[in-house]
Amino acid sequence: MEEQIMQKLKILAESAKYDVSCSSSGASRHNNGRMGNAHAAGICHSWGADGRCISLLKVLFTNKCEYDCEYCVNRRSNDFPRAAFEPDELARLTIEFYRRNYIEGLFLSSAVEISPDHTAEKILECLELLRYKYGFVGYIHAKIIPGVSPEILHKIGLVADRLSVNIELPSSKSLSQLAPQKKPKQIFAPMRQITNTLIEHNSLVGPGTMFKGQKLNTSEHYLGKRPVGFGEDASWFDKGQSESTRFSGSSLPEMWAPEEEYLPAPKRGAFAAAGQTTQMIIGAGGESDKSILTTSENLYHAFKMKRVYYSAYIPTVASPKLPDIHTPVPLAREHRIYQADWLLRFYGFTVSELFQDGSTDLDPDLDPKVTWAIRNLDYFPVEINKASYEQLMRVPGIGDRSAKRIIRQRRYSAVRFDDLKKIGVVVKRAKYFILCCGRYYGDRKFEPELIRHSMLQMENGLQMSMFGADGSLQLGTAEGSSATLTDRPATRALPKKTEKSTTTTQPKHPKKSTTAAHRKEAAV
Amino acid sequence: MRDYIYDGTFDGFLNCVYHHYYTEHANGIFTKDRYQANLLCGYTEVETDVEKADRVYRAIEEKISDYDLRCVYRAFLSSIPNKEMIILKYIVYGFCKGRQVSSLHADSIVNDFQAILKKVSAEAERMLQFVRFSVMEGNILYAEVEPEHDVLELIHTHFCDRFRNEPFIIRDVGRDKAMIAYQRHWYISAFDDGMVPVLSGEEEEYRRLWKTFFDNIAIKERKNLRCQRQFMPQRYWKHLTEMTQLPDSD
Ligand code: SF4
Numbered sequence: 001m002e003e004q005i006m007q008k009l010k011i012l013a014e015s016a017k018y019d020v021s022c023s024s025s026g027a028s029r030h031n032n033g034r035m036g037n038a039h040a041a042g043i044c045h046s047w048g049a050d051g052r053c054i055s056l057l058k059v060l061f062t063n064k065c066e067y068d069c070e071y072c073v074n075r076r077s078n079d080f081p082r083a084a085f086e087p088d089e090l091a092r093l094t095i096e097f098y099r100r101n102y103i104e105g106l107f108l109s110s111a112v113e114i115s116p117d118h119t120a121e122k123i124l125e126c127l128e129l130l131r132y133k134y135g136f137v138g139y140i141h142a143k144i145i146p147g148v149s150p151e152i153l154h155k156i157g158l159v160a161d162r163l164s165v166n167i168e169l170p171s172s173k174s175l176s177q178l179a180p181q182k183k184p185k186q187i188f189a190p191m192r193q194i195t196n197t198l199i200e201h202n203s204l205v206g207p208g209t210m211f212k213g214q215k216l217n218t219s220e221h222y223l224g225k226r227p228v229g230f231g232e233d234a235s236w237f238d239k240g241q242s243e244s245t246r247f248s249g250s251s252l253p254e255m256w257a258p259e260e261e262y263l264p265a266p267k268r269g270a271f272a273a274a275g276q277t278t279q280m281i282i283g284a285g286g287e288s289d290k291s292i293l294t295t296s297e298n299l300y301h302a303f304k305m306k307r308v309y310y311s312a313y314i315p316t317v318a319s320p321k322l323p324d325i326h327t328p329v330p331l332a333r334e335h336r337i338y339q340a341d342w343l344l345r346f347y348g349f350t351v352s353e354l355f356q357d358g359s360t361d362l363d364p365d366l367d368p369k370v371t372w373a374i375r376n377l378d379y380f381p382v383e384i385n386k387a388s389y390e391q392l393m394r395v396p397g398i399g400d401r402s403a404k405r406i407i408r409q410r411r412y413s414a415v416r417f418d419d420l421k422k423i424g425v426v427v428k429r430a431k432y433f434i435l436c437c438g439r440y441y442g443d444r445k446f447e448p449e450l451i452r453h454s455m456l457q458m459e460n461g462l463q464m465s466m467f468g469a470d471g472s473l474q475l476g477t478a479e480g481s482s483a484t485l486t487d488r489p490a491t492r493a494l495p496k497k498t499e500k501s502t503t504t505t506q507p508k509h510p511k512k513s514t515t516a517a518h519r520k521e522a523a524v
Numbered sequence: 525m526r527d528y529i530y531d532g533t534f535d536g537f538l539n540c541v542y543h544h545y546y547t548e549h550a551n552g553i554f555t556k557d558r559y560q561a562n563l564l565c566g567y568t569e570v571e572t573d574v575e576k577a578d579r580v581y582r583a584i585e586e587k588i589s590d591y592d593l594r595c596v597y598r599a600f601l602s603s604i605p606n607k608e609m610i611i612l613k614y615i616v617y618g619f620c621k622g623r624q625v626s627s628l629h630a631d632s633i634v635n636d637f638q639a640i641l642k643k644v645s646a647e648a649e650r651m652l653q654f655v656r657f658s659v660m661e662g663n664i665l666y667a668e669v670e671p672e673h674d675v676l677e678l679i680h681t682h683f684c685d686r687f688r689n690e691p692f693i694i695r696d697v698g699r700d701k702a703m704i705a706y707q708r709h710w711y712i713s714a715f716d717d718g719m720v721p722v723l724s725g726e727e728e729e730y731r732r733l734w735k736t737f738f739d740n741i742a743i744k745e746r747k748n749l750r751c752q753r754q755f756m757p758q759r760y761w762k763h764l765t766e767m768t769q770l771p772d773s774d
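If you're matching them up, the sequences are chains A and B in order.
Just so it is clear: in the first sequence, position 171 is 171 by this note's numbering, and no numbers are missing.
Just so it is clear: in the second sequence, position 157 is 681 by this note's numbering, and no numbers are missing.
Okay, chain A solo, but in the shape it has when bound (with noise of 0.2 Å):
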């Protein structure tokens, strides 16, 4: 008995361990039932040997998969071992681990076995025998596999406090390629469902800060048929509204209407009260980081997604249509496109800021902040005690927490230089961008090249400092993002040093020099 769980426990673990999210955030619950209860910035429990967070049992419900995504341990052509949970084993095992403080709750993603609604009517009792059966309050996280039945979704979203689907590839091209049998329509049409009935419920919170102070739960964000998600899908923002996602008696998704007659009132936090997200995989198909982070950017604001999680991908199976197997795991990569994330989701900035010079890639050697304001040297410096928090958050080396203390403090009294560094600004990165009460401290010159150089040298040297005995290494997350415990890439892995242009003053991308020079003629 004992020895038959642990091996579907090992199976199943290492066959979801390539699912990044692991995060318990987003849901705050008391304990209204018999065992449990949720932290709204969730809590991590454990780090693996990887340096990844452990907060939530992540396992696959079974790996049998009928499909054959290429980039997948799982896919049916690969000889793998197979299993599969029975429902009272797992919620069994989800209930153990809880007493026992080892986790936050369940994350249950699954293979196809035999077909997405067979796989998910499975899910779904297992999850049903956990809430009801267990009593069990904690965090649920479930995977909604693509082309599953909108009857079901909606019951499991009744007892999940966060769904995704995941999107997997970032472009319409890649995802036909790589996984055939997956249809944009397919992993859309949840997707919209989702945010749909979290409307519904008056419950669409939306990423980061990113709509703070507007209204979501309006007709108006009400999501139409017309496919939106990709990137290279005409841009959903930029043109405003079209007309087919403006909520009308007509465009009423069709899906919908069976629905609500049986659905009671719909109660505040009653499904997935912490939203959905999704994940993408980072490096398995050619798309630069433009076109990535532009595919976030609509989910962002079409489906109000809580977050996008990337994975770098791991080669596990060869393939003609991949990357060669032996290639590096892009995770100096990942990095750089998880901070140019955070500052799409908490600093106010835009995919197109980001790559306002015409390049597609983001710099690999500077935090993209950093790269944003040597581009736009015009913008600066700000004085700290005149500048609003908007302009504050633009400032390498200001986050969230120290952008608000600066703001608290300089109420009673002026906030001096030597103050910066206990408020818990970066001072280092900073000064080159800031005057206090009308001086600038930057020991050199305010100019780009020079700023952009010893911004170099310090992400360099930040960067060889932190180099481990086994050469790999780890850097925090991107700089200023104070977020709660779990909701955060937490573990980005750093650059090995191959994977990285050795330290080099000299610009990547030439034309940024010359943007950068422009702007200092223009400046003087």
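Calculated directly from the structure, the hints in this document are not laboratory data.
Computed from a predicted structure; not experimentally measured.
Hints are all accurate, no fakes.
Just the calculated beta-carbon pair ranges, DEER-fashion:
#, chain 1, residue 1, chain 2, residue 2, range
1, B, K613, A, S413, 16 to 24 Å
2, A, A270, B, A646, 31 to 39 Å
3, B, R753, A, Q457, 23 to 31 Å
4, A, D361, B, S632, 39 to 47 Å
Here's a subset of chain A near chain B, in silico, CB distances under 7 Å, partners left out:
#, residue
5, A13
6, I43
7, I314
8, V329
One side only, chain A facing chain B, incomplete, derived with CB under 10 Å:
#, residue
9, A16
10, K17
11, H39
12, I54
13, V59
14, Y102
15, V137
16, G138
17, S413
Cβ coordinates follow ideal geometry from the N, Cα and C atoms, glycine included.
With chain A held as given, fit chain B with the ligand onto it using these hints.
Chain B with the ligand alone, transformed into the frame defined by chain A:
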């Protein structure tokens, strides 16, 4: 100026604050075991008078804020050697500045105080992450912890709510005490080895299952032990099921 020696309790400390104002300014505040006689100024052993403590307690609440009162208490739970003087300075400063004192982050008095506070809160948070219960006979949950700061009473809300239907014990091994709770009631009591309940029959099995999961969820291509250690400091490992060697099943 004089040194004050107190009994190590919060009330005792508040009495020192009282004497700082009404008797003589404090040069240092110590518990008896940490005090080394100082030739430059005399010392007084402060008697813990509940009424005086109460007066200071209320003065902090009214003249500064009840938020700061809570912070003072939290900071007092730390094990930082000179915490008493750091807290005293903050209280004195708070009496001048009023409720805005906690916003003056740049001031070194405030900064030192908030630094301790941060340590205590961080440790309390870590307890929510790193407490590992064992299921004992009679379905009692039992955990051993060894926090650096005395944070046991800061974590009751979380666990009492989460496990409101399970009797549980969280034992602070270093301080020989434990929080004992059931159905949202809790108390802290002395606790020693003789009081540990008996392990239930299934316990070893679930520990092994958890370790199996833990070992298989890591991606070997992304191995990063340094990062693991940063988030999960080694001093906690002793009580983490997944970081200890488990006996084989038989
Ligand atoms: S559907 Fe595709 S990605 Fe999912 S388990 Fe099957 S092969 Fe893997």
